[in-house]
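Protein sequence lines correspond, in order, to chains V and R.
Here the first sequence is numbered in the working numbering, starting from 1 and rising by one per residue.
Here the second sequence is numbered in the working numbering, starting from 1 and rising by one per residue.
Please note: incorrect hints may appear among the correct ones.
[Unchecked claim] Derived CB-CB ranges, DEER-like:
| no. | chain 1 | residue 1 | chain 2 | residue 2 | range |
| --- | --- | --- | --- | --- | --- |
| 1 | V | Q183 | R | L88 | 50 to 60 Å |
| 2 | R | R176 | V | F3 | 44 to 54 Å |
| 3 | V | I266 | R | S307 | 31 to 41 Å |
| 4 | R | F263 | V | L105 | 22 to 32 Å |
| 5 | R | L140 | V | S265 | 41 to 51 Å |
| 6 | R | I25 | V | Q183 | 42 to 52 Å |
| 7 | V | S295 | R | L140 | 43 to 53 Å |
| 8 | V | Q183 | R | L140 | 23 to 33 Å |
| 9 | V | K89 | R | V5 | 27 to 37 Å |
| 10 | R | R80 | V | K89 | 33 to 43 Å |
| 11 | V | I85 | R | P201 | 50 to 60 Å |
| 12 | R | C19 | V | S109 | 53 to 63 Å |
| 13 | R | C19 | V | K89 | 19 to 29 Å |
[Unchecked claim] Straight-line C-alpha distance at most 27 Å; calculated DSSO-like pairs for lysine-lysine:
| no. | chain 1 | residue 1 | chain 2 | residue 2 |
| --- | --- | --- | --- | --- |
| 14 | R | K84 | R | K222 |
| 15 | V | K218 | V | K275 |
| 16 | R | K312 | R | K181 |
| 17 | V | K89 | R | K222 |
| 18 | V | K23 | R | K222 |
| 19 | V | K275 | V | K214 |
Hints listed in this document are in silico derivations from the structure and should not be mistaken for laboratory results.
All figures in this text were calculated on a predicted structure; none of them were measured in a lab.
Just so it is clear, CB atoms sit at the ideal spot from N, CA and C, and this is done for glycine as well.
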Amino acid sequence: MRFYFQQALRGLILFLFTMFIIKLHRTGDLLKLINPKYTVISMIGAAILFLFFLVQLQRVFMVKKKSHVHGHDCSHDHDHGDSPITSRKMVSYAIISLPIVMWLLIPLSTLDSSIAEKKAIMLNLTNNAMSSEPKENDQSENKMDGKGNGLFDGNTEDDVTYHDLPADPNLYSNTVTKDQFEQIEQELELQSSILMSERVYAVYYDRINQEMDKFVGKEITVTGFVYKEADFASDQLVLGRFLITHCVADASIIGFLTEMEDAASIAEDTWIEVKGTIFLEEYNGSRLPAIRVSSWKEINEPAQPYLYPLTVKLV
Amino acid sequence: MHTNVRSYLIDLLGIVLICVSLYIISVSSSLQETFQLPASLYNMNIIFLSIIIEALPFVLIGVLIAGCIQIFITEHHIKRLIPKNRMLAVVMSCVVGALFPACECGIVPIVRRLVAKGVPIYAGIGFLLTGPLINPIVILSTYMAFGNDWRMALYRMFIGFFIAVIIAFIISILYRSHQLKQQYAIQANSLIQIDRVNRQPLKEKIFNMLTHSIDEFFDMGKYLFIGALLAAYVQTYIASESFLMLGNGVASSTFIMMGLAYFLSLCSEADAFIGASFSNLFPPTAILAFLIYGPMIDLKNTLMLLSVFRAKFVFVLLFIITIIVFGMLMIVNRFI
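Input sequences plus hints: build the corresponding full structure.
See below:
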C-alpha cells in the first residue's frame with residue numbers, strides 16, 4: 001500500500017473549495033458576489049465538491065497500482081494525479097488553489113467608483129435614457145445592443161429589476177409574481193413624491209427613463225454613491241448604484257445625474273441620500289432625467305449596496 | 001486485514017484534511033488585516049471570485065455528466081448510428097454531438113477513438129464541434145448568463161450547429177483518410193477494454209465515474225480560473241471606452257472576441273458567463289462569435305488535437321473553423 005501525496009493534496013483542495021462556498025453562504029458574503037437567485041445552485045455545487053472530497057479520500061491509499069480500469073483510453077491529456085510532481089504540475093496546483101488563496105487573504109470588498117469609471121457610466125446613463133425614448137418595449141432587442149443598457153429599457157416578464165430589502169436580503173426572494181410587479185409599477189404613478197428605496201429602485205428607474213417627460217417636476221428621494229467625471233460642472237455628480245444581473249463581473253451602473261451646490265465638496269464613493277425634483281438635463285447631446293437637489297445628507301454604505309434584477313414568476 | 005487498515009487510514013486522513021483546512025482558514029483570516037493592497041486589486045479580486053462562484057456549480061455538474069458518459073456509454077452506440085452517405089453522416093454526427101453532453105477537453109479522446117475505429121474523419125469533426133457547443137448544460141448556462149433570455153442561447157445553438165455542419169462538410173471534401181498520428185492508427189484492441197468495463201460491478205463503475213469527474217475538474221478548473229483572472233483584469237484595468245474604440249466596427253470586435261475565446265480556452269459550460277460580462281462592451285454578433293468559436297476550437301483544445309491528429313490537419317482545421325465562423329457571423333450580423 002502506498003500513500004499518494006498528490007491525491008491527498010487534491011482532497012485538501014476539494015475540501016477547501018467546499019468550505020469556500022459554505023462560508024460564503026454562512027456569512028452572507030455570497031451576495032457580494034452573485035445574485036441571490038443563484039444561491040441554490042451554488043449550494044448544489046458545494047454538495048458535489050464535498051462528494052468529490054469523499055471519493056478523493058479513497059484514492060490516497062492505494063494498494064500497488066493496478067493497470068487502468070478506466071472505461072476511457074487513458075493516454076489522453078488527462079492527469080490522474082499518480083505521476084510524480086513536476087514543476088509544471090506545481091503551476092497547475094497553484095492555479096487551482098488561486099481562488100482559495102485570494103478568498104483567504106484578501107477581504108471581500110464592494111465595488112467602488114473606480115470600476116464605474118471603467119464601465120463608462122455616463123455612456124450607460126445616457127443610453128438608458130436614449131434607447132428608451134423612441135422604441136417600443138422590445139426588451140431583448142435592447143438588451144443585446146451592446147451598450148450595457150439592456151436590463152433597464154423594457155418590462156418584459158422575465159427580467160425586471162428590483163431589489164431586496166437591504167435589512168435582510170436572504171429573507172427576501174428576488175422573485176415576485178406578475179401581480180406584485182404590476183402593483184409596484186402602479187404605486188409609482190400614484191405617488192406624489194417618489195421614494196427610490198432599494199426595494200423598488202430599479203423598477204422605478206426603468207419607468208422614469210422610459211417616460212421621462214411624465215415625471216418631470218416630481219419630487220424624488222434617492223440614495224447612492226457619488227461618482228464624478230472630468231467634464232462635469234462643479235455642481236454636478238452622479239448618484240449611482242451597481243446592479244448585479246448574475247455576478248459582480250456583470251455589474252452595471254444605474255443612477256441619476258444630480259445637480260447640487262455642494263457637489264464639489266463631496267468625495268467620490270461617499271454614500272449620500274438626496275431629496276430633489278426631476279428635470280431633464282442635456283448631456284453630450286442627449287437628454288436624460290436628472291435631479292435638482294433641495295436637501296441632502298451623508299449616510300453609511302447600506303448593508304447590501306447592490307441592486308439585483310428580479311425574476312418575475314410567469315405562473 | 002489490509003482493507004481494514006486502509007479504511008481506518010482513510011477516515012483518519014479525512015479528519016486530518018478537514019482539520020488542516022479549518023486551520024488554514026482561521027489563520028488566514030487574521031492575516032487579512034496585516035497588509036494593505038491597492039484599491040483596484042480588491043475590485044479585481046471580487047470580480048475574479050464572483051465569476052468563479054458563479055461558474056463553479058455549472059462546471060461541476062458538467063464534469064459529473066461527462067464522467068457518467070465516459071464510463072457508461074460506449075462509442076459503440078454512437079457509431080452504429082452514423083450512416084454511409086457523406087452529407088448524411090456529417091449532419092448525423094453534428095446531431096449526435098449536439099445530443100452528447102461533453103466539453104471540449106473530454107471530447108478529444110472520444111473522437112480519437114471513434115476515428116480509430118473507423119468512423120470517418122468528417123463525422124468525427126462534426127461530433128467534435130457540436131459536442132461541446134450544443135448540449136443541455138451549455139444552453140441552460142447561456143440562458144442564465146444572459147439574464148434568462150433565450151435569444152442568445154438559441155442563436156448559439158442554431159447558428160453554431162449550422163456552422164459546424166459547413167465545417168464538417170468542407171473537411172469531408174478535403175480529407176478522406178483518418179488523419180490520425182501513426183501510433184493511434186491501429187487501435188482496434190481498445191474494444192477489449194470496453195468489454196472489460198462493461199463487466200465491472202456497478203459500484204466500481206460509479207467510483208470510476210466520480211474519480212474521472214474529479215480529474216476532469218482539476219484538469220479544466222485551471223483553464224477556467226485563468227480565464228476568470230484575465231476577464232477580471234480586463235474589467236478592472238481597461239476602460240470600456242478604449243475597448244469600444246478598439247472594437248468599434250462589428251468585424252473588428254468580432255475578431256477581438258474570437259481571439260479572446262481562443263486564448264482564454266474556457267470550458268463551454270462556463271464561458272457564457274464570461275461572454276455575458278463583455279456584453280456591455282461589444283455588439284451581440286461579437287459575443288455570439290465568442291460563444292460559438294470558443295467551444296469549437298481554443299488554445300487548450302488545439303494542443304490536445306495536436307497530440308492526436310497530424311499537425312498539418314490540425315492547422316488546416318483551425319484555419320477553416322476561424323474563417324467559417326467569422327464569415328458566417330458577418331452574414332448573420334444583419335439579422336440579429
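Between K275(V) and K214(V), does the CA-CA distance stay at or below 27 Å?
holds (19 Å)
Given a hint of 27 to 37 Å, does the C-beta separation of K89(V) and V5(R) actually sit inside it?
holds (29 Å)
How does the Cβ-Cβ distance of C19(R) and S109(V) compare with 53 to 63 Å: does it lie in that range?
violated (30 Å)
Given a hinted range of 50 to 60 Å, is it respected by the beta-carbon distance of I85(V) and P201(R)?
Distance hint for I85(V), P201(R) is violated at roughly 33 Å.
Given pair status - K181(R), K312(R), alpha carbons within 27 Å
Between K312(R) and K181(R) the Cα gap is close to 11 Å, so the pair holds against 27 Å.
Holds or violated: are the alpha carbons of K89(V) and K222(R) at most 27 Å from each other?
Given pair K89(V), K222(R) holds - Cα atoms ~11 Å apart, limit 27 Å.
Given the hint of 42 to 52 Å, check if I25(R) and Q183(V) actually sit that far apart at their C-beta atoms.
holds (44 Å)
Against the range 33 to 43 Å, how does the distance between the Cβ atoms of R80(R) and K89(V) compare: consistent or not?
holds (39 Å)
Mind checking the hinted window 31 to 41 Å against the Cβ distance between I266(V) and S307(R)?
violated (59 Å)
Q183(V) versus L140(R) beta-carbon gap, inside 23 to 33 Å or not:
holds (31 Å)
Honestly, do Q183(V) and L88(R) meet the 50 to 60 Å range at C-beta?
holds (56 Å)
What's the verdict on K218(V) and K275(V), does the C-alpha distance respect the 27 Å limit or exceed it?
holds (11 Å)
Checked against the numbered hints given earlier, this structure breaks hints 3, 11, 12 and 14; the rest are met.
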